[in-house]
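Just so you know, the sequences run in chain order P and E.
Under the working numbering, the residues of the first sequence are numbered 78 to 576, in order.
Under the working numbering, the residues of the second sequence are numbered 78 to 576, in order.
Think of the hints as simulated: they come from the structure by calculation, not from any bench.
Positions of the beta carbon are idealized from the N, C-alpha and C atoms, including for glycine.
Don't take each hint at face value.
Stated by the list, open to error - Only part of the chain E face toward chain P is listed, based on derived beta-carbon distances under 7 Å: (1) Ile199; (2) Pro275; (3) Ile468.
As the list claims (entries may be wrong) - Short, incomplete list of chain E residues facing chain P, as computed with Cβ under 10 Å: (4) His188; (5) Leu190; (6) Pro197; (7) Leu203; (8) Asp269; (9) Val273; (10) Arg276; (11) Ser376; (12) Glu415; (13) Phe469; (14) Asn494; (15) Asp512; (16) Val513.
Protein chains: 2
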Amino acid sequence: MPSVRRQLIVVSNRGPVAFGRDAEGRRTVRRGGGGLVTALRSLVSHHDVTWIASAMSPDDRRVADEAAGQAVDEVAQDGSPFRVRLLVHDAQAYDWFYNVVANPTLWFLQHYLWALARAPDIDNALHNAWDRGYVPVNAAFAAAALEELERQPGASVFFHDYHLYLAPRFVRAERPDAKLAHFVHIPWPEVDLWHVLPRRIRAAVHDGVLANDVVGLHTRRWQRNFLRASEELVGAEPAGGDALAYEGRRILVGAHPLSVDPREFEELASSKPVLEAEEGLLAQRPERLVLRVDRTDPSKNVIRGFRAFELYLGAHPEQHGRVGMLALLDPSRQEIPEYAEYLGSIQRAARGVNDRFQRPGWVPIDLRIEDNFARSVAAYKQYDVLLVNAIFDGLNLVAKEAPLVNERDGVLILSENAGAYEELAEWALGVNPFDVAGQAEAIHTALELGRGERRVRQQGIRDQVREHDLHAWIEAILGDLDRAREDPLTPEEAVAFQA
Amino acid sequence: MPSVRRQLIVVSNRGPVAFGRDAEGRRTVRRGGGGLVTALRSLVSHHDVTWIASAMSPDDRRVADEAAGQAVDEVAQDGSPFRVRLLVHDAQAYDWFYNVVANPTLWFLQHYLWALARAPDIDNALHNAWDRGYVPVNAAFAAAALEELERQPGASVFFHDYHLYLAPRFVRAERPDAKLAHFVHIPWPEVDLWHVLPRRIRAAVHDGVLANDVVGLHTRRWQRNFLRASEELVGAEPAGGDALAYEGRRILVGAHPLSVDPREFEELASSKPVLEAEEGLLAQRPERLVLRVDRTDPSKNVIRGFRAFELYLGAHPEQHGRVGMLALLDPSRQEIPEYAEYLGSIQRAARGVNDRFQRPGWVPIDLRIEDNFARSVAAYKQYDVLLVNAIFDGLNLVAKEAPLVNERDGVLILSENAGAYEELAEWALGVNPFDVAGQAEAIHTALELGRGERRVRQQGIRDQVREHDLHAWIEAILGDLDRAREDPLTPEEAVAFQA
Numbered sequence: 078m079p080s081v082r083r084q085l086i087v088v089s090n091r092g093p094v095a096f097g098r099d100a101e102g103r104r105t106v107r108r109g110g111g112g113l114v115t116a117l118r119s120l121v122s123h124h125d126v127t128w129i130a131s132a133m134s135p136d137d138r139r140v141a142d143e144a145a146g147q148a149v150d151e152v153a154q155d156g157s158p159f160r161v162r163l164l165v166h167d168a169q170a171y172d173w174f175y176n177v178v179a180n181p182t183l184w185f186l187q188h189y190l191w192a193l194a195r196a197p198d199i200d201n202a203l204h205n206a207w208d209r210g211y212v213p214v215n216a217a218f219a220a221a222a223l224e225e226l227e228r229q230p231g232a233s234v235f236f237h238d239y240h241l242y243l244a245p246r247f248v249r250a251e252r253p254d255a256k257l258a259h260f261v262h263i264p265w266p267e268v269d270l271w272h273v274l275p276r277r278i279r280a281a282v283h284d285g286v287l288a289n290d291v292v293g294l295h296t297r298r299w300q301r302n303f304l305r306a307s308e309e310l311v312g313a314e315p316a317g318g319d320a321l322a323y324e325g326r327r328i329l330v331g332a333h334p335l336s337v338d339p340r341e342f343e344e345l346a347s348s349k350p351v352l353e354a355e356e357g358l359l360a361q362r363p364e365r366l367v368l369r370v371d372r373t374d375p376s377k378n379v380i381r382g383f384r385a386f387e388l389y390l391g392a393h394p395e396q397h398g399r400v401g402m403l404a405l406l407d408p409s410r411q412e413i414p415e416y417a418e419y420l421g422s423i424q425r426a427a428r429g430v431n432d433r434f435q436r437p438g439w440v441p442i443d444l445r446i447e448d449n450f451a452r453s454v455a456a457y458k459q460y461d462v463l464l465v466n467a468i469f470d471g472l473n474l475v476a477k478e479a480p481l482v483n484e485r486d487g488v489l490i491l492s493e494n495a496g497a498y499e500e501l502a503e504w505a506l507g508v509n510p511f512d513v514a515g516q517a518e519a520i521h522t523a524l525e526l527g528r529g530e531r532r533v534r535q536q537g538i539r540d541q542v543r544e545h546d547l548h549a550w551i552e553a554i555l556g557d558l559d560r561a562r563e564d565p566l567t568p569e570e571a572v573a574f575q576a
Numbered sequence: 078m079p080s081v082r083r084q085l086i087v088v089s090n091r092g093p094v095a096f097g098r099d100a101e102g103r104r105t106v107r108r109g110g111g112g113l114v115t116a117l118r119s120l121v122s123h124h125d126v127t128w129i130a131s132a133m134s135p136d137d138r139r140v141a142d143e144a145a146g147q148a149v150d151e152v153a154q155d156g157s158p159f160r161v162r163l164l165v166h167d168a169q170a171y172d173w174f175y176n177v178v179a180n181p182t183l184w185f186l187q188h189y190l191w192a193l194a195r196a197p198d199i200d201n202a203l204h205n206a207w208d209r210g211y212v213p214v215n216a217a218f219a220a221a222a223l224e225e226l227e228r229q230p231g232a233s234v235f236f237h238d239y240h241l242y243l244a245p246r247f248v249r250a251e252r253p254d255a256k257l258a259h260f261v262h263i264p265w266p267e268v269d270l271w272h273v274l275p276r277r278i279r280a281a282v283h284d285g286v287l288a289n290d291v292v293g294l295h296t297r298r299w300q301r302n303f304l305r306a307s308e309e310l311v312g313a314e315p316a317g318g319d320a321l322a323y324e325g326r327r328i329l330v331g332a333h334p335l336s337v338d339p340r341e342f343e344e345l346a347s348s349k350p351v352l353e354a355e356e357g358l359l360a361q362r363p364e365r366l367v368l369r370v371d372r373t374d375p376s377k378n379v380i381r382g383f384r385a386f387e388l389y390l391g392a393h394p395e396q397h398g399r400v401g402m403l404a405l406l407d408p409s410r411q412e413i414p415e416y417a418e419y420l421g422s423i424q425r426a427a428r429g430v431n432d433r434f435q436r437p438g439w440v441p442i443d444l445r446i447e448d449n450f451a452r453s454v455a456a457y458k459q460y461d462v463l464l465v466n467a468i469f470d471g472l473n474l475v476a477k478e479a480p481l482v483n484e485r486d487g488v489l490i491l492s493e494n495a496g497a498y499e500e501l502a503e504w505a506l507g508v509n510p511f512d513v514a515g516q517a518e519a520i521h522t523a524l525e526l527g528r529g530e531r532r533v534r535q536q537g538i539r540d541q542v543r544e545h546d547l548h549a550w551i552e553a554i555l556g557d558l559d560r561a562r563e564d565p566l567t568p569e570e571a572v573a574f575q576a
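Kindly generate the complete structure, drawing on both the sequences and the hints.
Put into structure tokens, the structure is as follows:
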């Protein structure tokens, strides 16, 4: 249990609920999707939360309009009350914000996805999308947060992710004494990569995030990159431990890996939808199952995973017919061309492997493109090998969720560029995500490990995740916020740092 | 003049001379090509040089065979004697070394050129090319250097570039007391990029370079990246200033930008071939000339340069018919598919711009794919704007050479990712190489600058290059070698660092 009940203004692009309508036209409320929202939902049970998010659908917008832009009262599944304030953005501005700046630009940059020889071409389209999309949408989030701060002057504001790098700066400008925290759920790349963005944009990103009192990232690696980039791009200075001094303020930069609620997954594992999905899987599963569960995002490295499995099959004909790969892929951001193309490449790659090896009664790669969480959890229970080979990944929650419910002492193969690797390396088989030969070897090694060793490895991951669960993550961030406020720069330090 | 005449064993993949045959079948010797060889040639005038390089042609191999693998005596154009030792490699091993590891892998990595979502696929082909190509070719260079050290035990060995990262380690293993220096002529990327290579390879690269007493890079940026990567990948430790401690030795890591011999370019400018080429240019030149001179290497960013020029022309119809771009591109590494494809893309991109804008008497982009140094120097004299917009570039000598001989107070537009930017930023128009809108604006700004300001900027570059010329660069590296030997770790430090 948290020590203190707090007033929190949570700000994220995607909200905790999505409004809709049932067949009779009555309003419905369902839980919002996405890992971030799932992770933050438990905040509502322990704190006094007002959640600011974008209205995503016509029904969301209708709710926002009926409330005249104010927050509305909602009740979480466990009965906890909270408030939701949905922002209706100009559609064109939101498109620039989301489909030009946030996803193809910031997400690609922060996952090292660009082929710099050819992309990006930063032209007036990006400059325009920044000025007329990312900036005003961030300003709208900040304006809403400022209104909520009027109502609850003692509240802390907790921003999330790469959509909102500028909002803290707008809040800070109006409320120099506000308590602001920001968690970045994706990798923070090194400074040379930030140089891909025009100077004014890369500076504004770092300046905006440094307007917070607390900045959280998943790993020491992203933390180190953020500290260095802040020093080199906007002149922040080291201020003891993991802190930076910037414009006379001290900013705590923490490395706090997100986690999951183990009880939630244990309950899910025996829920009706999961048990039904599991029956279907059991009827079809190969003797030994290599699983991947991802969005169809280029950062997830699906194609190299297939290629590694192909190399494995090529080297181990004795396993043909016995080992199969199940790829459960949630289609992602199909309105962005790079994502649509990537999905096509995934399908072609799987077909290539199957054409080469399949025979009656055995298809090497079972590719399912669908959003089916129950099936994913069922597959979590059934894998012998879980392949997480992301090119770069802020954390990767699958690597924490799946071992909690797995029933076959399955082995985790984990990319050394996934944030979770910092925590789980000891119990996983680490792979270089670019080294398909190494991944093929890891698949073989994982399938050959004895049951005893597999069990020890799986138990190690479970213990780690249970001890460092979602609750501990939230407390760590909020604890940083307390520490930051207790330990401002002295006037002398502030003067020295500003000089 | 250098203070001391030294015994130097220079080791580089490409040698200072190339052997051939004239029409009567008699052996000929011509100067080897490439910027590195040009830069190092002057070493021969001031020092006692033995140069070890790969035999590149059948005639090179015949010379090597006739000398039974030993060095042969040669005489430089200024009459200075030196020795050349050509290594005959196994053809298959050399192909792996050069066409799999050195160029598509190390060069691409060190210029940030990979589209990590799709490339590289590190498979057994790379592991094999490393083990059976890069390693043995480096071992052969080391064996030759060791034989020359037998002959001249007091000599220093001076390795060059990304072809030879392992050779110093092989030499050090046999001769713990040898004086070894290495200059890396290309960028050193940040540590996350090195993670693209398998662990054993990225570790071997850093371990190999750290076997030297002195490591040189062009800029403080590459130096910083090398220091950090050495600490993080192989556990080197800071040892005061720009030094690292590693395996009980102190290694000086210097930032010394390569330069040119200004007198050589002044003489070239009035040489007959250049004057003839200049006549041709003058007969065809547009009123105002935007020039680029590059190899057709993806790192040079030719296509974004064309796109920027297209944006400029689109925004300034009043300049149609008056401003033209001349692109002198030396075809490069066409045996590597990425390079062949890139050349095709360059041609298509130029045609696209010309199709859109050209009219009788005016072709916007005059694209010449050829290796014609005289024409390049002639164009150096004639440009109004010189565009150097490399994605990443170790230094970029064109940015130093061309202003020395330019006769029109031409303006340098310079990528902030070219090493030369650290020295020349004050007098250039800096651009982000990915920001085509920014480059279009820079072209406009450059063409609108008044003559007075243009002259001041050009003079600034000339003064900088004359003061920091090639001779100063050589002395800086050799000076580091003296400093490194004078200041070894104390036994106590060595023990502490090894602990």
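Holds or violated: is there a CB of chain P closer than 10 Å to the CB of Leu190 of chain E? With Cβ-Cβ at 5 Å, under 10 Å, it holds.
May I ask you to test the interface hint for Asp269 of chain E with respect to chain P, counting a Cβ-Cβ separation under 10 Å as satisfied? holds (5 Å)
How about His188 of chain E: closest beta carbon in chain P under 10 Å, or not? Holds, because the Cβ-Cβ distance from His188 of chain E to chain P comes to roughly 8 Å (cut-off 10 Å).
Would the stated hint for Val273 of chain E survive a check requiring a Cβ distance to chain P of less than 10 Å? holds (5 Å)
Let's test the interface hint: is any C-beta of chain P closer than 10 Å to that of Val513 of chain E? At 5 Å from the nearest chain P Cβ, Val513 of chain E passes the 10 Å test, so the hint holds.
Using 7 Å as the Cβ threshold, decide whether Pro275 of chain E counts as touching chain P. With a closest approach of 5 Å, the Pro275 of chain E hint holds.
Given Asn494 of chain E as an interface hint, is the shortest Cβ-Cβ distance to chain P below 10 Å? Holds: closest Cβ of chain P sits about 6 Å from Asn494 of chain E, inside 10 Å.
Hint status (Cβ of Arg276 of chain E to nearest Cβ of chain P, threshold 10 Å): holds (7 Å)
Evaluation of the interface hint that places Pro197 of chain E against chain P, nearest CB under 10 Å: Holds. Min distance 6 Å.
Let's test the interface hint: is any C-beta of chain P closer than 10 Å to that of Phe469 of chain E? holds (8 Å)
Using the nearest Cβ pair, does Glu415 of chain E come within less than 10 Å of chain P? holds (8 Å)
Using the nearest Cβ pair, does Ser376 of chain E come within less than 10 Å of chain P? holds (7 Å)
When each numbered hint is compared with the structure, no violation occurs for any of them.
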